[in-house]
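Chains as they are written, first to last, in our numbering: chain A, 262 to 569; chain B, 262 to 569; chain C, 262 to 569; chain D, 262 to 569.
Mixed in with the good hints there might be a few duds.
Note that the list lumps identical chains together, so a pair holds whenever it fits in one copy or between two copies.
Result set (PhoX-like, lysine-lysine): computed pairs, CA atoms no more than 25 Å apart in a straight line [as the list claims (entries may be wrong)]:
#, residue 1, residue 2
1, K416, K451
2, K360, K502
3, K502, K451
4, K533, K545
5, K360, K416
6, K549, K451
7, K416, K545
8, K533, K451
9, K334, K497
10, K533, K360
11, K451, K545
12, K502, K534
13, K416, K549
14, K416, K534
15, K497, K549
16, K497, K416
17, K545, K497
18, K549, K533
Everything labelled a hint here was simulated from the structure, so no lab data went into it. These figures come from a predicted structure and were not determined experimentally.
Protein chains: 4
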Amino acid sequence: MEETLLTSSAAGVYVICPTPFEGDGRLDMASTDRMVEAYLEAGATGLTILGIMGEAPKLAADESQAFVRQVMKAVAGRVPVIVGVSAAGFAAMSALSVKAIDAGAAGVMIAPPSMLRTDDQIVSYYADAVEAIGTDVPFVIQDYPLTTNVVMTPKVIMRIIEQNPSCVMLKHEDWPGLDKITTLRRASDKGEVRRVSILCGNGGLFLPFEMERGADGAMTGYAYPEMLVGVVNLIKQGRRKEAHDLFDRHLPLVRYETQPGVGLAVRKYVLKKRGIIAHDTLRKPGPKLSPETISEIDWLMQRIERSE
Amino acid sequence: MEETLLTSSAAGVYVICPTPFEGDGRLDMASTDRMVEAYLEAGATGLTILGIMGEAPKLAADESQAFVRQVMKAVAGRVPVIVGVSAAGFAAMSALSVKAIDAGAAGVMIAPPSMLRTDDQIVSYYADAVEAIGTDVPFVIQDYPLTTNVVMTPKVIMRIIEQNPSCVMLKHEDWPGLDKITTLRRASDKGEVRRVSILCGNGGLFLPFEMERGADGAMTGYAYPEMLVGVVNLIKQGRRKEAHDLFDRHLPLVRYETQPGVGLAVRKYVLKKRGIIAHDTLRKPGPKLSPETISEIDWLMQRIERSE
Amino acid sequence: MEETLLTSSAAGVYVICPTPFEGDGRLDMASTDRMVEAYLEAGATGLTILGIMGEAPKLAADESQAFVRQVMKAVAGRVPVIVGVSAAGFAAMSALSVKAIDAGAAGVMIAPPSMLRTDDQIVSYYADAVEAIGTDVPFVIQDYPLTTNVVMTPKVIMRIIEQNPSCVMLKHEDWPGLDKITTLRRASDKGEVRRVSILCGNGGLFLPFEMERGADGAMTGYAYPEMLVGVVNLIKQGRRKEAHDLFDRHLPLVRYETQPGVGLAVRKYVLKKRGIIAHDTLRKPGPKLSPETISEIDWLMQRIERSE
Amino acid sequence: MEETLLTSSAAGVYVICPTPFEGDGRLDMASTDRMVEAYLEAGATGLTILGIMGEAPKLAADESQAFVRQVMKAVAGRVPVIVGVSAAGFAAMSALSVKAIDAGAAGVMIAPPSMLRTDDQIVSYYADAVEAIGTDVPFVIQDYPLTTNVVMTPKVIMRIIEQNPSCVMLKHEDWPGLDKITTLRRASDKGEVRRVSILCGNGGLFLPFEMERGADGAMTGYAYPEMLVGVVNLIKQGRRKEAHDLFDRHLPLVRYETQPGVGLAVRKYVLKKRGIIAHDTLRKPGPKLSPETISEIDWLMQRIERSE
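The following block holds chain A by itself, in its conformation from the complex (with noise of 0.2 Å):
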């Protein structure tokens, strides 16, 4: 199924999905299934499961599978769908990644390791992943030093690009990183790099100026993603002012889901609430809202929705 796979050409919005559980922790399949329906609806172009926010290394291998697998299947083809398989090592890296793509991934993402400190160690540890990969599935590097620790000057970020053809992606989430964004896109338009796609994170903390800096999307996880789309699509059509005035409706609540540690129970908290998911349900060790935060979400929520 080659012409499904992940290309430098892919843009608009990717949602980032949680992974969803019963109250008991066990996967929720009735759950996927709905959010998969409703982000689609809310006009996600690509899906991408298992990255940080999906709670992937808190899931068993199999269980990793089967929820590659359903998700697969509740997307039948209608969209691409990205599988984080960052992993400790290289050989569970390489089996996530070959059930991926069986399944029908079409393509992967990979976070670097939080001890890769020089320019070397990252475009190194990048060249065996591929290895381990295989050079013909394409894949996304993940550019979240708040996260990673690692930091990717622009120069790195080029180097693996140029040294892997099967790059086809930065999920860029530096933080600042507006200028980031423009250097590789100055690169990329004098022909000293080749050209990716560049779709964004963090939330969504910055995305109307990430789109006018040349970013091609979102990759990210906002539990109102139709807002993200509404952004991508009113930057592109250079509505400037209505994406701000869009954006800075959300921006509160955005605020408030990139806390890091509790923004993913914030964000579970409103997906059930909007009846996207059934249960609010985090795995351990992950936080608890309190009822002052509880009280605080939903107020956010009331402005939201009162204002549009």
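Given chain A's structure and the hints, the job is docking chains B, C and D onto it.
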């Protein structure tokens, strides 16, 4: 001048002052005077100088002292001034603290050094610091893990408060940190710990909620401090919706200013554009604003000013 | 087989086993058998597999299980075997723990993940881990801050011991850590905490002193485990000078093996040269020994073997 | 006094000096004089002061300057003196560097601050530092990742050397770091980079091998510096076995002294016991030696002194 010392009933908005430099990097005393005046006009109930956002580590010892004296002269006793005395060693901390109090400062602020790990190490560090500055100098705990890499639980903060009667304030900028405020306030309400002032930092990113959780105000440095003052007052008056409306109008720029590293450059640029300081010079190592960044800030400023 | 489970009276030398690979990276089962035999002949009172130096994170889930089964078969009940089950999530930890105990392991070992900071976070983590593996599975706390970046005070370790009756051992490899042993032993002597077994790691770098401070033995993987056995026995017999003389003859190589990163490659090279494993292959990412390094190891081995 | 400045042909043993304190924490100038004398008698070819092991960050600015002057007076031009000027900011670095060179120092040493991550950040930092201290002041790169948390590849070190003609020495204490010496020496042999002096730190833990890899000597602070001098000389004379024999006799104490945190307390205790300094006081925060630790050091000293 014991009557001017900081107490645990401090409240309102203590504006974090940047250190203004001339274009060539020397201290800019004229801008310092103008900035003090602007902040007091904006409604500041106090000022804080030589904090992390005051580029304190970039000043030589004699420059720090000269800046303290200049600010004290400009303030002329109208509001209390807190001086950041965080230092790599207690000898330097003690020396600066003595000079600050002699010059009329109301108290000092101390952030923990990044190598501290365990609860006991943190508690011991503050005990040693108090020994260094003297038990008669009121001090503020700065709880800012994003920058210091030191995580203090409410329990640790309470141990520091209990062991050190001269601890009168918490500069709260944990992230996420709303439940921490609730926990500390509940504990002091129950008499489990002495009540100290809690002023919130983090660029003000969660200010309305922080006030509702029990904070006494803000200690941060957003370039439109009148917004901080307004939000604090509106919440205190129970005018919740107006407080959030005011805050949300500024949130796009608040978010932009809280980008690590580049944030201070953004703030100085806005202060310069508002005529408060003459130059937006940062000392090295520090970021430079790209033309794209400047045009984004201009856009955000226009949207704020148009909305008022 | 409850009688074979690990208890807090465990003592002697639990040799940390590397995972032998073929030249092409597959598990080398023949070398595994030979290694087990060599370690038992050297006087090991137990074995530990799938630890940090066993390249555990580099194995896929099915490989880990295959290796556990192979070792258990080779050991054939002669000594207890501890299996490292540290994992990014509790689902994977639980799955491996169940397989290990089913295969006849005496207990499991758990290192804390590197993001833990506060005392309470560490204590909670072990509570959650015990919930995941079951309260009937004896476990070992691995206290190795140089690698995990998690600092546990004696107080934290005692809280974990007191809250979890299934905690039977501390693998002590804090550095410096001699006073920690003294503190823990003094506390159990006074009845302030249950006495657990303390076996020491860190490549054995401080073994004679650790024994004198009250450790029950070693759990580490030096390539001449007979030295570890000898030192433990001599100290137990009160033959201090002989213990130190024996240890000091090996210290130049012990020190060479404790170099972070390259240490395991050194160890595998020595084991290969001694005929214990067939290849010194490490899985990626891993260092390669330079010719200069090899010649230095050869020199150190000659000096040890000549002195005996 | 240009003829007294440090050059890239520096060699031998530059002893790292602790800063002696009185029992009450004041600078102990009499012990300083005695220590200088003892180190020169031991064969030091240079001295280094105000390094990490000199408790430099614990001194106030005027104390640092007083200590520099005292050492310069005691040395009286007999050997070159290097002054550590690492500081949180360039203003403080520049101020101390000017005072040091004015007082007769041969050069300064600069360690990178712990927040540096990428190759370019490290290279830029040294460019800014050279701008701060002046291009005419010879400087030493301190490469000590265990403490600074900054990892410099050989490539980065070579970029710093090439961009800054005033860089004359590498204080090498990466760990593991033997292959780094080989790589740097091979590069300068091939003319790919200017040859600078390499002196090795890390407490001397790998000194004989470091010399054989191409180092020019040691810059570290072991409490028996005559051993360091002996090993350096024996290796230079090609007397390999004698060098290792001498080194191995001291290795048990060398290892004991290289324990992070407690190491400096150990060193000061030995220096006091040898009559070189009057007190083993450390400034806070610093460890205190337990009775058990003291008795272990005594045992190690006896074994060394008996063997000679």
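We went through each hint and held it up to the structure:
no. : hint          : result
1   : K416 <-> K451 : within (14 Å within a copy, 27 Å between copies)
2   : K360 <-> K502 : neither (44 Å within a copy, 51 Å between copies)
3   : K502 <-> K451 : neither (30 Å within a copy, 50 Å between copies)
4   : K533 <-> K545 : within (19 Å within a copy, 42 Å between copies)
5   : K360 <-> K416 : neither (32 Å within a copy, 39 Å between copies)
6   : K549 <-> K451 : between (49 Å within a copy, 23 Å between copies)
7   : K416 <-> K545 : between (38 Å within a copy, 22 Å between copies)
8   : K533 <-> K451 : neither (46 Å within a copy, 35 Å between copies)
9   : K334 <-> K497 : neither (31 Å within a copy, 53 Å between copies)
10  : K533 <-> K360 : neither (30 Å within a copy, 35 Å between copies)
11  : K451 <-> K545 : neither (48 Å within a copy, 30 Å between copies)
12  : K502 <-> K534 : between (30 Å within a copy, 23 Å between copies)
13  : K416 <-> K549 : between (40 Å within a copy, 19 Å between copies)
14  : K416 <-> K534 : neither (43 Å within a copy, 33 Å between copies)
15  : K497 <-> K549 : neither (38 Å within a copy, 28 Å between copies)
16  : K497 <-> K416 : neither (27 Å within a copy, 42 Å between copies)
17  : K545 <-> K497 : neither (40 Å within a copy, 38 Å between copies)
18  : K549 <-> K533 : within (15 Å within a copy, 43 Å between copies)
Hint violations for this structure: numbers 2, 3, 5, 8, 9, 10, 11, 14, 15, 16 and 17, all remaining hints satisfied.
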